[in-house]
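2 protein chains.
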Amino acid sequence: MAVYTEVSNDDLERFVAEYDIGQVTSIKGIAEGVENSNYLMQTETGTFILTIYEKRVKPQDLPFFLGLMDHLAAAGIPCPTPIHGKDGQALRQVSGKPAAIVSFLDGVWPKGRTPSHCAELGKAVARMHVAGSGFEMRRPNDLRVTAWRPLFDSCRDGAEQVMPGLETEIAAELDHLEKMWPTDLPEGVIHADLFPDNVFFLGGKLSGIIDFYFACNDWFAYEIAICLNAWCFEPDHQFNVTKAKHLLSAYRRVRPFSDAELAVLPLLARGAAMRFLLTRLYDWLNRVDGALVRPKDPLEYFTKLKFHQGVTGPSAYGLD
Amino acid sequence: MAVYTEVSNDDLERFVAEYDIGQVTSIKGIAEGVENSNYLMQTETGTFILTIYEKRVKPQDLPFFLGLMDHLAAAGIPCPTPIHGKDGQALRQVSGKPAAIVSFLDGVWPKGRTPSHCAELGKAVARMHVAGSGFEMRRPNDLRVTAWRPLFDSCRDGAEQVMPGLETEIAAELDHLEKMWPTDLPEGVIHADLFPDNVFFLGGKLSGIIDFYFACNDWFAYEIAICLNAWCFEPDHQFNVTKAKHLLSAYRRVRPFSDAELAVLPLLARGAAMRFLLTRLYDWLNRVDGALVRPKDPLEYFTKLKFHQGVTGPSAYGLD
Numbered sequence: 001m002a003v004y005t006e007v008s009n010d011d012l013e014r015f016v017a018e019y020d021i022g023q024v025t026s027i028k029g030i031a032e033g034v035e036n037s038n039y040l041m042q043t044e045t046g047t048f049i050l051t052i053y054e055k056r057v058k059p060q061d062l063p064f065f066l067g068l069m070d071h072l073a074a075a076g077i078p079c080p081t082p083i084h085g086k087d088g089q090a091l092r093q094v095s096g097k098p099a100a101i102v103s104f105l106d107g108v109w110p111k112g113r114t115p116s117h118c119a120e121l122g123k124a125v126a127r128m129h130v131a132g133s134g135f136e137m138r139r140p141n142d143l144r145v146t147a148w149r150p151l152f153d154s155c156r157d158g159a160e161q162v163m164p165g166l167e168t169e170i171a172a173e174l175d176h177l178e179k180m181w182p183t184d185l186p187e188g189v190i191h192a193d194l195f196p197d198n199v200f201f202l203g204g205k206l207s208g209i210i211d212f213y214f215a216c217n218d219w220f221a222y223e224i225a226i227c228l229n230a231w232c233f234e235p236d237h238q239f240n241v242t243k244a245k246h247l248l249s250a251y252r253r254v255r256p257f258s259d260a261e262l263a264v265l266p267l268l269a270r271g272a273a274m275r276f277l278l279t280r281l282y283d284w285l286n287r288v289d290g291a292l293v294r295p296k297d298p299l300e301y302f303t304k305l306k307f308h309q310g311v312t313g314p315s316a317y318g319l320d
Numbered sequence: 001m002a003v004y005t006e007v008s009n010d011d012l013e014r015f016v017a018e019y020d021i022g023q024v025t026s027i028k029g030i031a032e033g034v035e036n037s038n039y040l041m042q043t044e045t046g047t048f049i050l051t052i053y054e055k056r057v058k059p060q061d062l063p064f065f066l067g068l069m070d071h072l073a074a075a076g077i078p079c080p081t082p083i084h085g086k087d088g089q090a091l092r093q094v095s096g097k098p099a100a101i102v103s104f105l106d107g108v109w110p111k112g113r114t115p116s117h118c119a120e121l122g123k124a125v126a127r128m129h130v131a132g133s134g135f136e137m138r139r140p141n142d143l144r145v146t147a148w149r150p151l152f153d154s155c156r157d158g159a160e161q162v163m164p165g166l167e168t169e170i171a172a173e174l175d176h177l178e179k180m181w182p183t184d185l186p187e188g189v190i191h192a193d194l195f196p197d198n199v200f201f202l203g204g205k206l207s208g209i210i211d212f213y214f215a216c217n218d219w220f221a222y223e224i225a226i227c228l229n230a231w232c233f234e235p236d237h238q239f240n241v242t243k244a245k246h247l248l249s250a251y252r253r254v255r256p257f258s259d260a261e262l263a264v265l266p267l268l269a270r271g272a273a274m275r276f277l278l279t280r281l282y283d284w285l286n287r288v289d290g291a292l293v294r295p296k297d298p299l300e301y302f303t304k305l306k307f308h309q310g311v312t313g314p315s316a317y318g319l320d
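Protein chains in written order, with this note's numbering: chain U, 1 to 320; chain B, 1 to 320.
Just chain U, with the same shape it has in the complex (with noise of 0.2 Å):
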C-alpha cells in the first residue's frame, strides 16, 4: 500500500483527457498495493483505479500485466479491467510515469479468513488458471527458486539479526529447495501473489482479483503453494487444515490436480514459505523511509517454513 507520486492537476486533467471517462470529480490516494501508487478515481462516468507504477515494476512487463488482465476479463474472472485510452492504448503517462486506468471492482478483503472463503478463493483461482491458457504473452517468474539464492546472499550479513540461527536455516533449506525442486509439472499463467488483501469478498462471495503486478508463467501447483502460505494459517501461525481442505478441494473440483502435483506440494508449499520469507527479510533489511508501508514481519515465513519441513505427504493438506 503506497502512494507515492502526486500528480499535478493539470497533469492529471491532461491525462485524463486522452480517454472517453468524463472528467474527474474527485481523486484520493489509496492504501493498496505495495509496489505502485494507487488512487481511486471518481469521474462523471464512474469509479476507476489509477495505477502510476513506480520503479520496482518493470515497465517492459507492463504490457504482459494489462494484457492479461484484459484476456481474464474478458473470459469472466473478476479481475479489473484496463480502460484503454481514445487511442486503443491502456499503457499511458501521467507525470512522465507509466500509468494505467483500471475498471473499479466492488468488495471488501477479508481481514479474517474462513474455510468458506478458502473454497471461494480455490474455485476462482483454477478458473483463473484454466482461462489464462489462450494468453500468448510469456513471462518468467523472477522470483522462482533460482532467484532465492542470490535474494539470499544479498542479506544474509542481516539475517542473524532478525533471529540468530536464521541465516543456517535459510542456508540449509535452500540446499534441499535447490537439489529437490521439481522440473515438470503443468504450467500456465499464475498471479502468484494471491494474499488476503488481493482478494475482494461480497456477500460471502468471492467478487475480485486485483494486483496482477507479479503475474507470470509458473507451475499451477505452485501458486496453490503460495495460498496455503496465505490463507490457511491462523493469526498465531498455527496451520489450520480445514481451510487448506477446502481451498484444494474447491479448486480441484474446477481443474484437477495430477499425481506428480499432489507429490510435491509440500515441497512446493516449503519453496513458497521461502520466497517469501527471503523477499520479507530483504524488505524489512532495506526500509524505504519516506515510504508509506510498514515491513511485514519475515519471521512469520519462517514458522511456516519449519511447519511445511515437517509434512510428509498431501494428507497434512486434507488431501485424501
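Rather than coming from a laboratory, the hints here were simulated on the basis of the structure. Mixed in with the good hints there might be a few duds.
Copies of the same chain are indistinguishable here, so a pair counts whether it falls within one copy or spans any two.
As the list claims (entries may be wrong) - Derived BS3-like pairs (lysine-lysine); straight-line CA-CA distance at most 30 Å: (1) 111 with 97; (2) 55 with 86; (3) 86 with 245; (4) 179 with 86; (5) 179 with 245; (6) 205 with 306; (7) 86 with 111.
Guided by the hints, dock chain B onto chain U, whose structure is given.
Quick look at chain B alone, frame taken from chain U:
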C-alpha cells in the same frame, strides 16, 4: 494522511448496521487526514468517509467537531455532513475506537494554487465565519499563543540539529509575539487548518472544506493569517502578493475587516507561521515509526516567518 487502524470485516459490518446506509460494497484506506484513519467507503446507498479517531484527537472534543460540521452543513457551507446512526447519534465506536461517518464531497485539492483559488477560498472562509455565529458549543484553540512556549521547550534541544541558530531565532520571536499579541479582536469559530489539502475544487469552484479537527473559537483574522501562510507562498517560499490580494479582497466583500484586524494582520501572520514552525519542528523531531505520513519540513515556516517579520503594514498583503 494516515491509516492506523485495521477494522475487521465483522466489526465493520456491525458498525455500519447501526446506520441506515445499506451494506458496505467497498472500503479503502485513504491517504488523507494526518490525525486520524480515514476510509473511503461505498455502500448500497452512496459514498462516505469513515473516520476513526486516533490518539491525537481528544474524545471530549469530538461532539464539538461533529456538531460544528452539522451546523455548517445546515447553513450551506460545503463541508462533510455527519451521518447519524439509527439512534440519532453521529459519534459512535468501531473496533473500540471513536468513529464517525460523514458525507463524501466531490472535488480535488489544488496542488498548484492560482489567485482564483485564493479568491474562492477567501469567499468561502468569510461565509464559514459568518455561518458559525449561531453555533453554541465552544472549544478553545489548543495551539494559541500561550501554547507555543511549552511546545518550544519540549523540542528546543533538537532545533539546532534542524538549523544552526534556529533555537535563538525562535526564542526571540516568541518573546516578541508574547509581548505584542493582541487581546481583543472579532472572534468566532475558525477551521484553524485551512491548508490546500483540506479544500476541494471542481471546475475552478470551491466544492468542499474538510478536516475540521483543529476547529476552535479564535479570532477570525488569525484564520486569515493561517491562510496567507498556507496559500500565498510559491513552492520556492516566495510570497505572492497577488494571491494574498485575491484572498483578502474576496473575504472582505463577505465579511469586512475591522481597522484593528487590519493593523495586526502582519503580527498574526508571524504568529501563524510560528505555530506551524513549532508543530512541524515537534513532529520532525518525534517521527512515529510506522506512521504512513512523512513529516513536513519545519524550515518552510521559518522562511515564511522571516518574510512576515519584514512586513510593516497590511499593504504588503495587497490591501489598500
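**Request:** Evaluate residue 205 and residue 306 at a C-alpha cut-off of 30 Å and name the case that applies: within, between, both or neither.
**Result:** Classified as neither; 32 Å inside a copy, 60 Å across copies.
**Request:** Please work out whether the CA atoms of residue 55 and residue 86 approach to 30 Å or closer within one copy, between two copies, in both situations, or in neither?
**Result:** within (27 Å within a copy, 47 Å between copies)
**Message:** Reference check for the pair residue 111 and residue 97, CA-CA at most 30 Å: within, between, both, or neither?
**Reply:** between (32 Å within a copy, 18 Å between copies)
**Request:** Check residue 86 against residue 111 for me: Cα-Cα at most 30 Å, and say if that holds within a copy, between copies, both or neither.
**Result:** between (38 Å within a copy, 26 Å between copies)
**Item:** Homo-oligomer pair classification [residue 245, residue 179; C-alpha up to 30 Å]
**Value:** within (28 Å within a copy, 74 Å between copies)
**Request:** Go through the copies and call it for residue 179 and residue 86: within, between, both or neither, with a Cα cutoff of 30 Å.
**Result:** Neither, since 51 Å and 63 Å both go past 30 Å.
**Asked** Is it within a copy, between copies, both, or neither that the alpha carbon of residue 86 lies no farther than 30 Å from that of residue 245?
**Response** Answer is neither; intra-copy 47 Å and inter-copy 41 Å both fail.
Consistency with the previously given hints fails for numbers 3, 4, 6, ordered from lowest to highest.
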